Every structure is written in structure tokens, then in C-alpha cells.
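Fit the two chains together into the complex; they arrive one by one in their own frames, and the hints show the way.
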Amino acid sequence: MLEGRVDAWVETLPEAAVSLSASQQPAEQTFEREFERQLADCSALAYRVALGVLHSPADAEEVAQEAFVRAYRHFPRLREPDRFRAWLVRVTWRLAIDRQRSAARRDRRELAVKANEYPPLTVEEAALGREFQSRLEQALDSLPEKLRRVVILAAIEGYGMSETAALLELPQGTVRSRLHRARKLLAEKLR
Amino acid sequence: MNCQPWREWIAEAALGSLDSSCRPKLDRHLAACAHCRRAFEAEQKLLAAVDDGLRASLTGTPSSEFVPRVRMRIAQESETARAWWLMPLGRIRVTAAVAALAALVLAVGLLHRASPPAKASASRIAGPAVSSVALNEVAGVATPAGSALTPARPADSAHDSARRMRRRQRAADDQAPQCEVLVEPGQWRAIVAAYRAAQSERVDADLTPDRALASEKPVEVTPIEIDPIAVAELYPAGPPQSPGR
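In the order they appear, the protein sequences are chains A and B. My numbering puts the first sequence at residues 1 to 191. My numbering puts the second sequence at residues 1001 to 1245.
No wet-lab data here; the hints were simulated from the structure. Fair warning: this is a prediction, and the values are worked out from it, not measured in the lab. Some hints here could point you the wrong way.
Computed list of lysine-lysine pairs in DSS-like fashion (alpha-carbon distance at most 30 Å, straight line) [to be verified]:
| no. | chain 1 | residue 1 | chain 2 | residue 2 |
| --- | --- | --- | --- | --- |
| 1 | B | K1045 | A | K184 |
| 2 | B | K1025 | A | K184 |
| 3 | B | K1025 | A | K189 |
| 4 | A | K146 | B | K1045 |
| 5 | A | K189 | B | K1045 |
Excised from the complex, chain B in its bound form (with noise of 0.2 Å):
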């Protein structure tokens, strides 16, 4: 007999979905063809096994570790909500503002780069012995005397006699040798003082260099007297005679 055609109604039956209408028919044909008999018991035990195992595999609980778990790590993850920074949204945040800085930085750098030559500012060159002093830097200083000449317009307001200013010196800067001499510690007031001065072209005693380091303590020496030692004070019974005579 060929029982192929009943397999699939055979399957459908196992499952529970064969049409109501198909199944009487499907009971004649198992009680008359021990193969297909053997064949749906097989599919209704296979499907069994299928349910059992599914059910089986599933019927575990967590371990009674799991809730506590859960707790610590709700406990753990708001500490680390408050540290926002070192969340990895927050971290790129921070890189994301500390590269923004640095490219800031970077383009104000170059555009003082491409505005007018330097001028030279003091610093430190030569350890701490000997300071560094750019003679413009104190012409700089000088320039507000001469700013008085040309006296700002009542109307203007601070800012711009300050930019008016600047740019003055700005352009002295530009219009001055470039030099720089190295002071001796506490000699550069004076060396300032000579400066101004010589820039100001009004030279008098008062401001030379002499003058002003006249005014810082000289070192005092006071000369000793010594007297020769007499030998005949050391040696009462007259001086040793030397070994090899």
C-alpha cells in the first residue's frame, strides 16, 4: 500500500491541527495500515519528547545570588551615572572639548604669528644670576608719558585710548632696534632708569647709572693691621736647624 499521501495528514494529526472533516478519515486508514499506526504514535511520542524537553530546559530559577546581583549593579551603575565624565559618552565629550581648546590655542598662535614681528619680551635666559631685560619692553612702559602730549578726546571712552595706545606702541615697536642687554640682579632698575633717559634725550647726573647704583649700600672695608710676628717670641731657644745640615 501506499502510504505516502497519509503522512502529511498523519503529522498534522500528531500536531492537533488536521481538519476535523479529514480526521475520520485518517482513523480508518490507522486502523487498517499497522505502518501508519506505528508512524503516528512515533510523531505523537516525538512531539511529546519535543514538549517535555522544551519544558524541561525551561523550568530552572535564577540562583538566590540573582536578586542582590541586581541590586549592586543598579547601586553601581548610579555611582558611575554621577561620574559622568568617565562614561565613554563623557569621555569623548572631554577629548572632543580639550582637542577644541587646543586647536584654539593653536590658530590664535598663528595669527599673532602672522601679525607685525615680535617684539622681544623679557625673560629669564641665563639662569638666576643674570635677568634678561628687552629695552622695549621699557620703552613701552615710557610711552603713557608720551601719550599725554596728545591728550584723548573727552568722548572717548577707556577702551579706546587703550587700543589707540596699543597700536601707538605697536608701531614704536616696530620702528625700534631690536636689542637686549643681560643685568646683573639688581642692577636693571638702573639700566631701565639710563634708558629712559637716553630715549627722552634729558641726560643729567641724577639718572645716570652711577648715580642711581650710588644709592645701594657699598661694600664696606675696613683694612687690619698686622703686625710681624717676631721669631724669637716663638722659638726662645733660637730656631730649629733643618735635618739635613
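Isolated chain A, as found in the complex (with noise of 0.2 Å):
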């Protein structure tokens, strides 16, 4: 009788283990699922927030790549979608303007050397208007950083006054009104 007892809980082993191990497996797998989703729905706006404070492509795909990184890291506690896409907002704007201030203190290093490096803008170039671009977006590096954070994000197609306001965590009007300032700015500055 007892032996008996004694069999059927040894047989039950092998499947308490199984699924032990199989009520752990879904976890990992829908912490890896759901990163992967937010990679995948939020690398275009880290993308694109590093572009707008570095001007280059490759800078701000480095960026962003950092950016996600740390977010895997700090994952667990980032699951709601809105509040992973204001972390990675900030967090991404944080590494973009690191690196430019540590690439200008570069530059200024540099400036002597290269000063008469910089190939001049073609007539094609200056016809495309690549050189409103740059003076834009120095006119766009020189505004005070909450104005610019406001300016590029509501410049991100898809991302409005509100949601702007919902990744800066900001009342909608303090938004606005930051916008207006920072459009006027730029405007003075390229007049």
C-alpha cells in the first residue's frame, strides 16, 4: 500500500518539475516578447529624437541603440507602454546631448586643424537648400534645451501638442506655450 504511494508520488516528480520549470519559461518569454514590441514600435522616435540634437545618421543610430540598451535593463519597471516611451525619450536625449557637448568640445579642439578641411556646399546643394538646413539646425542647437526638447519632439511626425506633452510629462499648455517660444527663436535667428 504504502509502496504503491510511495511509486505514484515518484512518478509525479518528473512533472512537477516540468512544469516548474514551464510556469518560469512564459515569464522570460513575455519579458523578451514585450521588449522586442517596444524596440520595435519606439526605435523610429529614439531614432529620430538622437537625430534632431546630432544631425547625423549614424551618431543618432548609436545613440538610440544605447538608449534601448540601458531600457533593457531597466525594463522591469518600464512594462506600461507610455511611461517606456517617456523614459526612453529622456533617457535618449540625455546620451544625444552628451555626446554633442563632448563631440563640440571635440571640435573646438580640432577647429585650427580642420578649419579649412570642410568641402564648401555646391550650387546643387545650396539649390536643395542644404544650407537653410544647416543654418537651421544651428539655430536649432543654440536654443535653451527645454525649448528644444519641445521643438523636436512636436516636430516628430505623429507626436501632437498632446502627446508631446505626454512624453515630457507636462501640462499641454506649458508645451505650447514653449513651442511658441521656441518657434519665434528660431525664427529671429534665421530672419
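Below, the structure written as C-alpha cells:
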């Protein structure tokens, strides 16, 4: 009688082990799946935020990659999509600004050497508005950071006033006034 | 016409933020003043160009390698996280631990030096052919026999007993003359036995070095008899003559 019960218990052991690992496995898979979804949904957002600061696709991509690697570390507490997006924008922005500042320091050091190495704009490039774009980037870079963040986010396709306010976790009125001041300053610098 | 006061309103109107009560007045002025109308149109164009330029610069998407690269970096980071001692913080921890250990060893060494004169220790000093034996060490080996004269109290623990023994040994080391001898390999047991005997003032024939050495197998020398060689056998035709003669 007892032997039969023990045998029955032993027989259940592998199943119990399988059921334990099976219960853990979906949790990990869910984690990975959620992160993959956020990676697919928000990679363009992170890239464009970085691009708005750095104006270089290669640099922007590197910064966005770094932001996602950091996001993976903190993902367990960032699973809500809105929270993740706001966090990602903040981190991407900070990384891009840091990179821009270090690049600016490097450029200042190398300015004396490379001043004559930049190729002049061709007629075609000027005609295509490269010069205006360059001036716009300079004007954008000279804006105060809180204005620059608003104007870049609001310029990203699909992000209106309310989405920008949600991403920056600011009231819509604040975002509106900052956007107005930013555009006015840009116009003054470009006039 | 002085149009300077209208400039602010023109800029605000182009931005779309002019107060609605002011707009009719501005419209009337723009209808009358071609210069301000051109300025207003230029401002609108400029702002449109700013918005278009910003949008154009922010429409790109990352390359197709973006997602695989992120996955690769995450995988690399996971690997590195396992080897925590390779991380900057881990390296600092390991360095600190090594430094602390080195400081501890140094402190122990200094304390040891500060204690009573160090006893000589046995060490090899002259290559494999000769061994150095400190006789104080030998005396230390013999001391437990002396301690048998004052047996430890039953209540004493083995630890206390050992500590007393060490203390006594140190005192004996301090008083004993320091000397060191070089001995041939294989003879040190005989020297030790002789020294112990001398220390205990118990010298008998069995403990002399000669007797102890007698246990070692002596080298046997067998005499060989060599017969003188007969020259006649070597040179049956007679000894050769030297060429000079």
C-alpha cells in the first residue's frame, strides 16, 4: 500500500519539475516579447529624437542603440508603454546631448586643424536648401534645452501637442508656450 | 509710415498666437501697407520653412541593422555582467581586496619583527648538496619532553597548553645561543641526535654521531690483484727499437 503511494509520488516528480520550468519559461518569454515589441514600436522615435540633437544618422543610431540597451536593464519597471516611451525619450535625449557636448569639445580642439578641410557647399546643395538646413540646425542647437526638446518632439511625425506633453510629462499649456517661444526664437535667428 | 510698432504683431500673427482682438486691426493695416504685407508673408514663409526643415530632418528611420545590433549589445552586456570582476567596479573591488590583503601581510610582518628576536629557521642555503639546520629548531623539537616534567593541569585546555609551550619555547630561544651548521645530506639525523644528547647532558655510545652514522651502509672496497704483464708475451720477436737509435 505504502510502496504504491511512494511510487505514485515519485512518478509525479518529473512532471512537477517540468511544470515548474514551464511556469518560469513563459515569464521570461513574455518579458522578451514585450521588449521586442517596444523595440519595434519605439526605435524610430528614439532615433529621431537623437537625430534632432545630433543631425547625424550614424551618431543618432548609436545613441538610440545605447538608449535601448539601458531600457532593457530597467525594463522590469518600465513595462507600461507610456512610461517606457517617456523614459526612452528622456534617456535618448540625455545621451544625445552628452554626445553632442563631447563632440563640440572635440571640434573646438580640432577646429584650428580642420578649419579648411570642410568642403564648400556646391550649387546644387545650396539649391536644395542645404544651407538653410545647416543654419536651421545651428539655430536649433543654440536654443535653450527645454525649448529644443519641445520643438524636436513636436516636429516628429505623429507627435502633436498632447503626445509631446505626455512624453515630457508636462502640462499641455506649458508645451504650447514653449513651442511658441522656440519657433519665435528660431525665426529670429534665421531672419 | 512708421511700421515698427506693427512688427511684433506681424510676428505673433505669423506664429498664430496674436490675440484675436488685435487681429482685425492688423488686417486693416496689412491691407493698407504693402511693406508690412510683404514682411508678414516673409514671416509666414520663414516659419513654414522652419517647420518643414524640422520635419524633414526628423523623418528618417534607423537602418535595418538597428534591431539586431541592439540585441547583440544586450547579449554582450549579459555576458559581461556575468564576469563581474571584469567590470570597472568589479576591478576596483578586486584591487581593493588585494591592497587590503597586502596591507594585512605587511602589518603582520612588522608585528612579527617588533616581537623578541626571531629564531633562526631551517632553510636551504647552499644548493642541493648542503642543508642548513638550525639547532634551536632541534631544541624546540626536544622541548615537549621537558614539558612532561610539569604536566598541565587537567582543567587546562589543549589550547592553553600549546600556548604555554610556545611561550616557553620562545623564552628558551631567547636564552639559547644562536648557531647554524652546514651538514651533508643524510647526516643531519646523526647531528640532531648528537645535539639533543648534548643538550640533555646524556651522552652515551649509542648516540654519538659515529654510531649513528654506522647504520649507514659503508662503501665496500674490494682489492683487485693485478699480475705484472710479461713483456715477452706482448712482443715475442723482442722489444721494438726506438727510431732515434
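Now for the hints, and whether the structure bears them out:
Between K1045/B and K184/A the CA atoms are separated by roughly 13 Å; this keeps the pair inside 30 Å, and the hint holds. Under the criterion of a C-alpha separation no larger than 30 Å, the hint pairing K1025/B with K184/A is consistent with the structure, at around 22 Å. Only pairs whose Cα atoms come within 30 Å are accepted, and K1025/B paired with K189/A is accepted, the gap being roughly 27 Å. About 25 Å separates the Cα atoms of K146/A and K1045/B, which keeps this hinted pair within 30 Å; it holds.
Note on K189/A and K1045/B: the hinted pairing holds, with a Cα-Cα distance of about 14 Å set against a maximum of 30 Å.
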